[in-house]
Amino acid sequence: MSRRSVQVKAILSMGILVGLGAVSTLAAWTGTATATTSITAAKVSLGVGATASSATSESYTVPVSSVNWYPGASAAAVVVVKNTSTVELPYSIRGSITDSGGVELGKAMQVQVKTGSTVSGTAPSATCSGTAAIVDKKAGSAFGGSVEVSTLAAGASETLCVQYSLPVTAANNLQGATTKLDLVFTGTVGS
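As numbered in mature numbering (1 follows the signal peptide of the UniProt record, and there is no 0), residues -27 to -1, 1 to 164 make up the sequence shown, in order.
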């Protein structure tokens, strides 16, 4: 091999190396940025009880079950509804009846719920004083649909008075009958 051919091969080899080096030195420039947030969903809950400080439970037994019911008897008790949520909460009330033994004692009862009122008298002649009823289940009928009550700020409470009455016209077959009357308080936010 001649010296010239070795030089040509060396120059060609350098050209290949330079060409490969030029290709491998091409680079793309990048930059990054990140926007981050932490999200905590609101807690939506209501509590009920006898007082604002005890209204933290999801259920409360209204203290009128010990009354010996007869035609004309009535009992009333305060029920406090508290917004135990982390957000403002509108709430509603819906009533339901669960009669047992095939006798409709619950349907025969009159039930009223009033805001801003207090209990007057003692059972079997206790009533709720004050404002007009927001729930008024008449004797002989079932509860109506849900009733929107108000909106409570987070941690706020509202005092309601619940009155149960057995009218003087109550049927004789109601003797010894039992019933369960529920008031369901529902808070809803969002659509």
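Hints may contain errors.
[Unchecked claim] Derived DMTMM-like pairs: lysine to aspartate or glutamate, alpha-carbon spacing no greater than 20 Å straight-line:
hint, residue 1, residue 2
1, Lys111, Glu77
2, Lys80, Asp155
3, Lys111, Glu121
4, Lys153, Asp109
5, Lys80, Glu61
6, Lys153, Glu61
No lab work stands behind these hints, which were simulated from the structure alone.
The hints, checked one at a time:
no.	hint	result
1	Lys111 x Glu77	13 Å, holds
2	Lys80 x Asp155	12 Å, holds
3	Lys111 x Glu121	19 Å, holds
4	Lys153 x Asp109	17 Å, holds
5	Lys80 x Glu61	35 Å, violated
6	Lys153 x Glu61	31 Å, violated
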